[in-house]
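Read top to bottom, the protein sequences are chains A and B.
Numbering-wise, numbering that gives the first Met the number 0 puts 16 at position 17 of the first sequence, and it's gapless, one number per residue.
Numbering-wise, numbering that gives the first Met the number 0 puts 136 at position 137 of the second sequence, and it's gapless, one number per residue.
Bear in mind the hints are in silico, worked out from the structure with no lab data behind them.
None of the values given here were measured: they were computed from a predicted structure.
Glycine included, every Cβ here is placed at the ideal spot set by N, Cα and C.
Some clues are possibly wrong.
As the list claims (entries may be wrong) - Listed below are several chain B residues computed to face chain A (Cβ distance under 7 Å; list not exhaustive):
| hint | residue |
| --- | --- |
| 1 | 70 |
| 2 | 73 |
| 3 | 134 |
| 4 | 151 |
| 5 | 152 |
| 6 | 153 |
| 7 | 155 |
| 8 | 272 |
| 9 | 279 |
| 10 | 341 |
| 11 | 428 |
| 12 | 430 |
| 13 | 457 |
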Amino acid sequence: MPVEVTRDPAREGARILTICNACRYCEGYCAVFPALERRMNFTPADLDYLANLCHNCAECYYACQYAPPHEFAVNVPKTLAQMRVRSYQHHAWPGPLAAVFRRKGWIAPLALVIALAIWIAATNGSTGTGAHFYQVISHRTMVAVFGGVSIFILIALAVGFVRFWRESNASSGSLANFVALKQALNDVFRLTYLHGDGQGCTYPQESRSLARWWFHHLTFYGFLLCFAATSVAAIYHYAFGWRAPYGYLSLPVVLGTLGGVGLLAGPAGLFRLKQRGDVATCDHEQDGMDIAFLALLFSTSATGLLLLALRETSVMPLLLAVHLATVLALFVTLPYGKFVHGIYRLAALMRYALERLRVKGRNAPGR
Amino acid sequence: MRPWAKQSTCISSRRGKNGTSEVIDELPIFDVLVAGGGNAALCAALSAAEHVAHVAILESAPREFRGGNSRHTRNLRCAHDAPTQFLTDAYPEAEYFADLLRVTGGETDEELARMAIRESGTCMEWMRSHGVRFQPSLSGTLHLDRTNLFFLGGGKALLNSYYADAERRGVRILYDAEVVGLKFSGDVFESATVSLRGEPVEIRARALVAATGGFESNLDWLKEIWGEAADNFLIRGTPYNRGKVLRLLLDNGAEPVGDPKQCHAVAIDARAPKFDGGIVTRLDCVPLGIVVNQQSERFYDEGEDLWPKRYAIWGRLVAAQPGQIAYSIIDSKVLGKFMPPVFPAIRGNTIPELAVNLGLSADALASTVDRFNSAVRPGTFDHEGLDDCHTCGLAPEKSHWAQAIETPPFLGYPLRPGITFTYLGVKVNPQARVLMRDGRSARNIFAAGEIMAGNILGKGYLGGLGMVIGTVFGRLAGNEAARCAG
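Bound conformation, chain A alone:
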């Protein structure tokens, strides 16, 4: 019955989307609605997919003739947000670590403290101005720790992606459909569904704004620039034998600085928006998880830029340990925090692009 509101997110999701499927007024807003209209009923796997297609822009909530206090109490963005966290848990690997999602972000400071202890233990006591990074902590130690952790998180993220993808019953070969892949990557890199054709979206409040689109771009591209900086530095190290620290105008430092600025402004802005998020449309239960991720991104950048500024002073060894600890804490929490939204969003957008191609093919003349 459409009026019997339930507390079970899966049943509630199916109830609400059944109403949406009979209404369809929101079809023009985003991918969620055309995707749900291709279904007659909603399995848990369908709900996972639709939940991860949703960008939580909330346009459909404000436009909804059935939104509370209407007795149908349709609240798509909040319900799908609740189902998203469940899907993160459901797909997490290794399984027992899915419990981290229920800790609402409290695991992040714990990871930070442990990481700090590791790096302080790894410092060889070298202090004073003029010391180099690798005199404080050996290059080999850094590579061993980050290499090991990176391999683990890549596996964890890949397993999550594969589990999510398998639920869709789509073949793994369809991932190589370049038309669909191009569309999905386009939607990710341009953040199409928060852009609203230039008007932005109704987040954090009912009046439309591009704030989230901008801050997310700053965060996303800031992250990629920092990643690029590290990659270039690795090439310098291994291919050319050029050792860090690099000059202020060197490529790794310029990339890292630009990325660092993005990672300060982006997460700070997203945090500010989150605080203003409409209680009607946001699942504030997830704030802990979201804020932990934003805080680690922000601190990674802040400690990195500070280290750059003070790398020739006596506080360098301490700052280095703190920075590396922050990065390590960020890394180990990646598969068990807000970061995974990007993995499943990409998978969902890919699946959506494939579905759309299939529908177009079916409607093509002569078929």
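Take the given structure of chain A and dock chain B to it, following the hints.
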């Protein structure tokens, strides 16, 4: 601002619920007072606010339910001579008017109708300038992609844009504000008595725009017309269209228009809420099966014509059945060929089992289905066009889409009349000015939207025309009221 705009303010105070005196802020004498809070009201207020400083909207619903039946709308029927961004082909004014003549059987005021049709082509730009966005026609409505312009997100999104724009332009918006009395001095409107959050307040204005819709949610009024049967009617839209202003205007000498005993009704799922079920409670499976009444008897040709052309007669058909209830019966082979309904089907693995689950007589329904099945003639089923599947030797026959009901599980949906709107309204002239029974026109009272739609729609309905009447006459009434006040 004019010098007198501030000099005569009407200070209202009222006793709070706990007995303390609560001074509410001063309400000026408004230039234009708009009664109503739907599309027509907002178009009137936005237009008036372009010319005068003090405009107010009286919305009888709380903010969450603002917007009347416009909340449930989704498109506007738009005349155009060439394809546009969202509309295909052309829809010339002549064809539009011919369509109107067909649905109304000629019961229309030609001058007003032609005005509305002509202006419909100008609506989109105006709407866009007030923040409304559009989208291609929705899936399942492809037959409308030439004629009807769809609002992105539907009617509530449209209203959100208008309300936000009205706030930006300084229009005073009062929610929970129901007009309960109108005061005239001779033939001039002077003030409205408004129940503002339950407390009476006198609000004065130089001109009034009545845009308060019909009376379809006034259950007592419906009962006066249809008797006890009205208890079984469901109201598809807002519970706030109680027809108060309509009645006040008629009682004060306004000339009525439209059949006071008619309403637009479709057959909707009987499990829908009493009010505000909106679009999702519709059932599109009627032409794919049979429809029976409480006695398990068929009573009308379910396959007479394409569903978009026939859905609107089924409200009245069901209303004429005993208990105002009927049941649409289909089998599993037509699943997926109609828009998914919001309520689950009532099921049975056999027809008698379905009958019992629906509360019908097992024998009677089985015999009706048997008779129907044996009257079905072979044909090529095509649910998207007028196919050749029909019955022979039944009363009533089924002219199209007649297939034997034989594939279990069998599905049933209970149907009740769902009232969309009523036709009774007030007569207006081409300035949207209310006409009086003695032949004069009211000095400073204008009407827009459903309350005067009967001038153009004497009967029947043309999808998307309600929003045209609201927009065109809303803008006109706002402009004329401002001119009258200024």
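Taking the hints in turn, this is what the structure says about them:
1. The interface hint given for residue 70 of chain B holds, since its Cβ lies 5 Å from the closest Cβ of chain A, which is under the 7 Å cut-off.
2. Evaluation of the residue 73 of chain B hint against chain A yields a held restraint, the C-beta minimum of about 6 Å falling below 7 Å.
3. A cut of 7 Å between beta carbons decides the hint on residue 134 of chain B: the least distance to chain A is about 3 Å, and the hint holds.
4. Taking 7 Å as the C-beta cut-off, the interface hint given for residue 151 of chain B holds, the closest approach to chain A being about 5 Å.
5. Residue-level restraint check for residue 152 of chain B holds (minimum Cβ-Cβ distance to chain A is 3 Å; threshold 7 Å).
6. Satisfaction of the interface hint for residue 153 of chain B is found here, the shortest Cβ-Cβ separation to chain A being roughly 3 Å, below the 7 Å cut-off.
7. Proximity of residue 155 of chain B to chain A holds as hinted, the smallest CB-CB distance being about 5 Å (cut-off 7 Å).
8. A distance limit of 7 Å between C-beta atoms decides the matter here; for residue 272 of chain B the minimum to chain A is near 6 Å, and the interface restraint holds.
9. Because the beta carbon of residue 279 of chain B sits about 4 Å from the nearest beta carbon in chain A, less than 7 Å, this interface hint is met.
10. Hint status for residue 341 of chain B relative to chain A: holds, with the closest Cβ pair at about 4 Å, below 7 Å.
11. The interface hint given for residue 428 of chain B is violated, since its Cβ lies 34 Å from the closest Cβ of chain A, which is over the 7 Å cut-off.
12. The closest approach between the C-beta of residue 430 of chain B and any C-beta of chain A is roughly 33 Å, which is over the 7 Å cut-off, so the hint fails.
13. Hint status for residue 457 of chain B: violated, given a least beta-carbon distance of 28 Å to chain A, over 7 Å.
In this structure, the hints that do not hold are numbers 11, 12 and 13, in rising order.
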